[in-house]
Amino acid sequence: MNGTSEGPAPAADLGPAVTQSDNNLAPRAGRTGPPTYRSVFTAAPLAMAVVDAEGLVVSANDTLGTLLGTDPAALAGCVAADLVDLASDAGTWHAYREVLRGHRPRLRCTRRLKRADGHALWAQVTVEPLADSGDSGGGAAPGLLLSVADVSARRELQARLRHLQMHDPVTRLPNRALFFERLTAALEAESYEHGGTGRIGVCYLDLDGFKAVNDTHGHRVGDRLLAAVAERLTRCAEEAAHPRSGAPLVARLGGDEFALLVEDSTGTDQLAELAGAVLAALQPPFELSDRRLSVTASVGVVERHTAGTTPTALMQAADTTLYWAKADGRARWTLFDPERNANRMTRQALAATLRPAIERGEFALEYQPLVGMEDGRVRGVEALIRWNHPQFGVLAPNRFIALAEEDGSIVPLGRWILRTACRQARRWQLAHPDEPPIFVSVNVAVRQVWDSDLVADVAGTLEETGLAPELLQLELTESAVMGSAGRPLQVLKALSDMGVHIAIDDFGTGYSNLAYLSRLPVSVLKLDGAFVRGFQYAAVSDAGPGETANPADEVIVEAMVQLAHRLGLTVTAECVETSDQATRLRRIGCDTGQGWLYSRPVAPDRISALLDHAGPGGPAGVQAGVGKP
1 MNGTSEGPAP AADLGPAVTQ SDNNLAPRAG RTGPPTYRSV FTAAPLAMAV
51 VDAEGLVVSA NDTLGTLLGT DPAALAGCVA ADLVDLASDA GTWHAYREVL
101 RGHRPRLRCT RRLKRADGHA LWAQVTVEPL ADSGDSGGGA APGLLLSVAD
151 VSARRELQAR LRHLQMHDPV TRLPNRALFF ERLTAALEAE SYEHGGTGRI
201 GVCYLDLDGF KAVNDTHGHR VGDRLLAAVA ERLTRCAEEA AHPRSGAPLV
251 ARLGGDEFAL LVEDSTGTDQ LAELAGAVLA ALQPPFELSD RRLSVTASVG
301 VVERHTAGTT PTALMQAADT TLYWAKADGR ARWTLFDPER NANRMTRQAL
351 AATLRPAIER GEFALEYQPL VGMEDGRVRG VEALIRWNHP QFGVLAPNRF
401 IALAEEDGSI VPLGRWILRT ACRQARRWQL AHPDEPPIFV SVNVAVRQVW
451 DSDLVADVAG TLEETGLAPE LLQLELTESA VMGSAGRPLQ VLKALSDMGV
501 HIAIDDFGTG YSNLAYLSRL PVSVLKLDGA FVRGFQYAAV SDAGPGETAN
551 PADEVIVEAM VQLAHRLGLT VTAECVETSD QATRLRRIGC DTGQGWLYSR
601 PVAPDRISAL LDHAGPGGPA GVQAGVGKP
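FYI, the numbering used here numbers position 296 of the sequence shown as 296, with every residue one higher than the one before it.
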């Protein structure tokens, strides 16, 4: 039997002491007046018994007999500890023995007792020494007073209150508090020592588009849908019950979020099968009175050893995996992937240190030449930003530029790139006064246009570095430029009027609204590398086994080049890697090329060396970007 024991507490005032010297509570000779001790003891509403130093019942009152369903006289001589189950756990038994020996003032505990008729009840048991009446002559043997109070009604009320506290009123499922209580207990219990697997699993799900149900049909219908979902999840859990560990616990964690807890799981296959069953169970439409609603769910699945796992870590992993399931298209389950999670954690670490890294000067620019297709001379270079991260090493922009755009740090980072690239272009110009100056092109994110005064930043940088406006080119992606209106278009026109060149990067993969080009202050198109890769072979017949050449790419590129030239634009081909590609691009009229055929991104001094060997009169150019690998 389970129970709890308590320490000392003030004893109830029972009046004059009752001891064995009172002849088992018999009235003393010659006493008259108030009720005798025996009559008070016998008629008391509290069930009581006197216990001797050996732990045997000396006398019990009628109330105790009624409580236990037996004759109180028959209790005399019984072992008190057996009557009220004090030996069922070591802690309570030890405390009782201490009270019996006089080393402890009181014991109070709660016990589940069985009556003679088989009925059970919850009782609060108190054991404490009998007080000395002061007139027993000092020769009385020590004794104990055992009192028993029926607390079944209170326990039942507490159980009902706990049930209300630990269950969701809409679905009647266990709520978040009870779920985490069970989860914590499962992680703390070393189940493998008792034949368990020592593993645990969670299917964490929420309903796709549930907010639309609430908004369209109202919260009452939404609650009925949640209750119907809970019923299907419960049936699904019952069908997945394991002979040893039982059925998974189904809980509503809040809103439209549910969880299924699998204790002593047997591996990821078990959790994957459960997740698939959940999705299948939710697939049929729900018939809610006069409404027929369909709903899907996204499920994050986590399964691991209990050792070394905390409730917080497990649910964080489940929440992350649920997010992956939604990002992957919804109406599916996704298994937790440690490698994918490590990438996410790295991303968060980078996001947290991005702004301080700008202040610490952890960024640098490298430069990649742009080459004239006709003469093979260096017309410019593209400068690519690198993050010299103290923990992760040198990072390419595809690792952090999206983060910078998300948190707004692209604005200060973009200003640093603009100043650094313009300053370097001016140095090259001063170092090679006999050659035409080279221009620098800086990639600009849309957020820079909205969140900063880009026109003022550019004007201030040009004035600070002494670089002429026509030697600066700003690149925006096609998706950012096409359809520009309002402030973005005004900014582009202001920069163009200043003399700065505007280029569209990765052209041909976005909106490709060619007619819109004539309305934009654009001077350069940079063809996306995907088209150039289609030029991998000089002709279709050059392709080897398993290799593919697409002649349509050349037709498309040629048409775009011709259109660009008619609009007065120049064309740069990105990702030029072979001489065959360069030959074909030159034949169809591309103006400049950029890629590994000419050079990988290099340090500024390597560009200076290229310019030193260019010879007098050679055209030169530099291009700097923030969004390229």
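These are calculated hints, taken from the structure and not from any lab test. For every residue, glycine included, the Cβ atom is placed at its ideal position computed from N, Cα and C. Some clues are possibly wrong.
Computed spacing ranges between beta-carbons, pair by pair [unchecked claim]:
hint, residue 1, residue 2, range
1, 242, 293, 31 to 37 Å
2, 266, 88, 42 to 48 Å
3, 346, 223, 37 to 43 Å
4, 451, 392, 24 to 30 Å
5, 266, 360, 46 to 52 Å
Consistency of the hints with the structure:
The hinted window of 31 to 37 Å between residue 242 and residue 293 holds, with their beta carbons roughly 32 Å apart. For residue 266 and residue 88, the Cβ-Cβ distance of about 35 Å falls outside the hinted range of 42 to 48 Å, so the restraint is violated. Distance hint check for residue 346 and residue 223: the Cβ-Cβ separation is about 41 Å, which falls inside the suggested range of 37 to 43 Å. Taken as a hint, the range 24 to 30 Å holds for the pair residue 451 and residue 392, whose Cβ atoms sit roughly 27 Å apart.
Under the hint 46 to 52 Å, the C-beta atoms of residue 266 and residue 360, about 50 Å apart, fit the expected range.
In terms of the numbered hints stated before, the structure departs from hint 2 and from no other.
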